[in-house]
Every structure is written in C-alpha cells, then in structure tokens.
Amino acid sequence: MSERNFWIGYKTIVRKEVTRILRIWGQTIVPPAITMTLYFIIFGELIGRRIGQMDGFTYMQYIVPGLVIMSVITNSYGNMVSSFFGDKFGMHIEELLISPLPNWIILAGYVTGALTRGLLVGAVVMAVSLFFTRIEVQNPLIMVSVLILTAIVFALAGMVNAIFAQKFDDIAIIPTFVLAPLTYLGGVFYTISLLPEFWQNVSVFNPILYMVNGFRLGMLGVSDVSLTMTYGVIITAGALLFMWCLVLLHRGTGLRS
Amino acid sequence: MVIDFRGRLLHIVRMHALEVSDLRKTYKNGVEALKGVSLTVAEGDFFALLGPNGAGKSTLIGIISSLVNTTSGDARVFGTSVRTERSKAMSYIGLVPQELNFNQFEKPLDIVVNQAGYYGIPRNVALERGEKYLKQLNLWDKADKVSRTLSGGMKRRLMIARAMMNEPRLLILDEPTAGVDIEIRRSMWEFVRGINEGGTTVILTTHYLEEAENLCRNIAIIDHGEIVQNTDMKSLLATLDIETFVLDLREPIRDCPQLEGMDIVKIDDTTLEASLPKKKSLNNLFAELDGQGVHVLSMRNKANRLEELFLGLVEKGALQSESTP
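Those protein sequence lines, which keep their order, are chains A and B.
For the record, in the first sequence the residue sitting at position 38 is 38 according to the working numbering, with numbers rising by one throughout.
For the record, in the second sequence the residue sitting at position 92 is 92 according to the working numbering, with numbers rising by one throughout.
Warning: the hint list may mix true and false statements.
Unchecked claim - Heads up, simulated BS3-like pairs for lysine-lysine below, C-alpha to C-alpha not over 27 Å straight-line: (1) B:145 - B:135; (2) B:155 - A:11; (3) B:234 - B:279; (4) A:88 - B:234; (5) B:145 - A:88; (6) A:11 - B:88; (7) B:135 - B:155; (8) B:142 - B:107; (9) B:132 - A:11; (10) A:167 - B:279; (11) A:167 - B:88; (12) A:88 - B:107; (13) B:278 - A:11; (14) A:88 - A:167; (15) B:155 - A:167; (16) B:28 - A:88.
Stated by the list, open to error - A few chain B residues that face chain A, going by a derived Cβ cut-off under 7 Å, partial list only: (17) 65; (18) 67; (19) 69; (20) 87; (21) 90; (22) 95; (23) 114; (24) 120; (25) 256; (26) 259.
Quick caveat, the hints were computed from the structure, so don't treat them as lab data.
For clarity, every value in this text was computed on a predicted model and none was experimentally measured.
Backbone N, C-alpha and C define an ideal beta-carbon position, used for all residues, glycine too.
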C-alpha cells in the first residue's frame, strides 16, 4: 500500500469517527455543555463569590481553564474508549483488522476522532464560560498546544483501556476510579499552594496537574508548575502510550485471537 | 508468467491463490483448533472448505484473513505471507464472515464506501463501486436506509457487496447463505458464480452441501483440526459406490420385498428405501420389484450425494478419535 493509500485510509477512519460524533451530538456534545454550565453556576457563581480571589483572579476566572481541560480530557478519553470498544464489541473492528492498513494508521485515525470531540467540547465549554466571565488569553500558542497534546494523551490512554476491555463495565472502571479522582485532584478547582506540604508533594505525581496548569498558564498566565515540566510530562506520557498502543495492536491483544 | 532474458515465453505458471502449510493453532484455553493443516487452492478455483461445527474452518479462515494469530506454520495468499507481509496479503482478500459484523446503525452505502477507503480506494471510485455492487445485489434502493432495518438476506448480501469493494483476487465466503431463503440463496450463487467466472478465486464454507456440490470444483473436508479429504469434486463423488433412493408405491404393500444384492427397507405401506451399488442398473430394481407385484409411482434420491460422503468421512473421523486413547 502506498502513502497515498494510507492517507485515504486515515481520512476514511476520521470521517467515520467525526460522522459518528455529529450523528449522536445529543450524547457527545450536549451533556458536557450542561454539566459545565452547572459547574460554572454552582462553583463559579454561588460558591466562588464567597471564596474570593485565587492567584489574582476571580474564582470564576480561575476555574475556567480547569473546567475546559477537564472536559477535553473526559471527552477525548470517552470518545476513544466508547468508539473503539463499541467497534470491538460489535465486531466492526474486523473491517479494519482485515484491511491492509497498518496499525499506526488505525491508531492515528481513532486518535484524530477523539481529538476532534475533545476540541469540539472544549470549544463549547469555552463558549459557555463567556456567559459568566471574560478572560484575556495570555498565550494562545501554549493554550492550544497543551490542549491538543492533552487530548492526544487521553485518546491514547482510552485506546489502551478499550483494547483490554472485554465488557462494558471495563470501560467505566478507569474513568470512574482513576480518571475522575486524578482530574479533581489535579488543580482544576484550586492551586496546590493551598494544600498542606505533604499533599503538595503527592500532587506533583499527578500528571493531570501539569496539563491543567499548563493550560491555565496559557490562558491566565499563572501556574503551579513550570512550563518545561508541563511539556515534558505530556510528551513523555504521549510517547509511552503511543508505543504501548502500537505494541498491543501489533500483538493483536484483545483483537486477534 | 516467466520470460527468459531473450524475451521468449517459457511457460505460464498458474500461481496458487492460497497455500497453507503445516498450520497449527492452539488457543489460550488449550483447544487445539488446527493440527498441521496444509492445502493449496489454485488461482481461479471455486473451492469448498467443509467440516462440521467446531472442525476448525473458521479458525483457518481467521488465520488467512489475519484475524487469528497462528501458533506455527504459514498461509500465503498469491505467494505473499500473511505472517510477514500482512498488509500486502490482505490487499488480495475479500472476506464475508459468518457473523454479521458491520455497524447496524450505519447506512449500507457508507459501510461499503468506508470499507473501500480502508483499502486506499479514493472516495469517488468507492462511490461508483458501491453503487455497482449494491445494484448487483439488489440493495441499491436500501443504500440510504439504516442497515439495522434490512432483512436477514439483505444483511448477508450487504456483506458480500462490502467484500467486493476492493475487487479481491481471493474471495472467502464463510457460510454466506446461512439462514437465507432458497430464492435469495440462488441469486447469491449466481452472483458469486459470475464473480468466479470473472477470474476471482472463491473459497466457500457452507453447511448446505448441495451448494458446495453445485458451485465448487475442488473440495477440502476438515474435521477435528485436520484435513480428512482434499480432492476435486468429481473424484470425490465418484468414490460413492452406493446410492439410496426413496420409492413411492402405487399401491400399499404388507411385506417388504427382498431383492438380491440390494438393501430394501420399508418406510411405510407406500414408501420403500432402496440402497444399491452404482454398478447395478435401476432397470434391474424396477424389473425385480415388478416381478413381486410392487409398482413404483415415483422415485427420488434419498440425500444429496456429497452429504452422504461428508457424513461418512466425518463419522469415520469421530470413530477414530474415540478409539484414540
């Protein structure tokens, strides 16, 4: 198969994924918008007014970057895990497995689909935030690059989950017991400088902390961690997950008996 | 085709569409599905792969189409190893699996066009091909309906259309007519026969042995993970030396007639079952029955010939495996 054929194969997977996301927009785009609106009202407006300033910003302004990236993480992961596992469960994945497409193209196609949903939802949440506050973006390049890289990392993590999953319960365990706690404890709603020293030291092992703060640095110009560490953590995690996915696809783990 | 350095045509070599050599597969649960299967399928052949449920047919097809990893051995499609050159080997194959495996929430046209895309076929070409094959399989009027709403026969035909999108050199049909009524089954036979006449090699697995006997030129029977018969259809059928007929009688009889060299069984008062060697003329049968005052009104073959052979081979295999400690 030539590179042109690979490109056609890649575009086909992306088209299929994006069509699916848009076809079921009531499940993919609307729920995160509603959830985040509630977060803005309850935490930003009602509770946030009593909290006051954080790192020099109103609490509403402070949580906007956290909630945007939380939506991106949840949705890029969720899209990959539900779409790929759904294809596996329904056996449609065989359409791709018997095709001449190499594994890295299949992976790239699904990751692009998950990235698209993550960014779409991120954009919607950002738009919703405009009803509550105004933010002057400090560094759009950092903001967008952290957002895209984070979505890719969680799409890859979702692929690992989907490959190992054998039943629908298996795709709910990681988001519930790992992803949600790490996200909530990753500085979405607070700066870690508020934590006791022990918990501050524990927090630095949470990779989501770097993503939240990297995005917040791009948007507001403040962060609990250095930008170098942010990119270092995201790129390392992405590279490791990418390699893991390729190894699993090559072995046919959970896909080829 | 081999041409020497002076450009002279030396000889034309018919390549094997499929070469399977000493293929073994043991699943993680210890089940040994294939125990050293070897077979070849010539280019352009219409080949039947038969076997009872659990014999290893689907595992073999799974390995050829790269859905199942081998334990040892190799399968080569038009000389290309599925193991070491998977991508190239897969570009030659079209697969119609046993189970429905398309997304039933998608539309037939999207399903076939996407499949073409996975083979690197540009979208405009894929749309033309999609229309062509959906029309040939009488599905064009359903092209934009959600596939979940299609009937069972339509879903089967959709999988054939999908498998044709890369215009494969080797088409593998794993029980394509299962659960399909006879009219649709015959139209599917015609379609696949036409594809084969166009030069595509076809491998068919089916439980309808009449289907295999009508369509296929060569045959392999697999049982307990081993090939128990691999020959051409004519030779195989020629080995059948006893044929059984069901005779409908004009008047009821009380006692079963006894004829020398033939096995006659009374089914009911107006039906007999007669088994006789192939060399024995049917005229003898009728004459001897007539002599005993038994008049035959009509006659038919008791079972499909291939079915008799198939059962014989499989039962023999079962007996051998029972006697093996």
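Hints that the structure is at odds with (numbers, increasing):
4, 10, 11, 13, 25, 26
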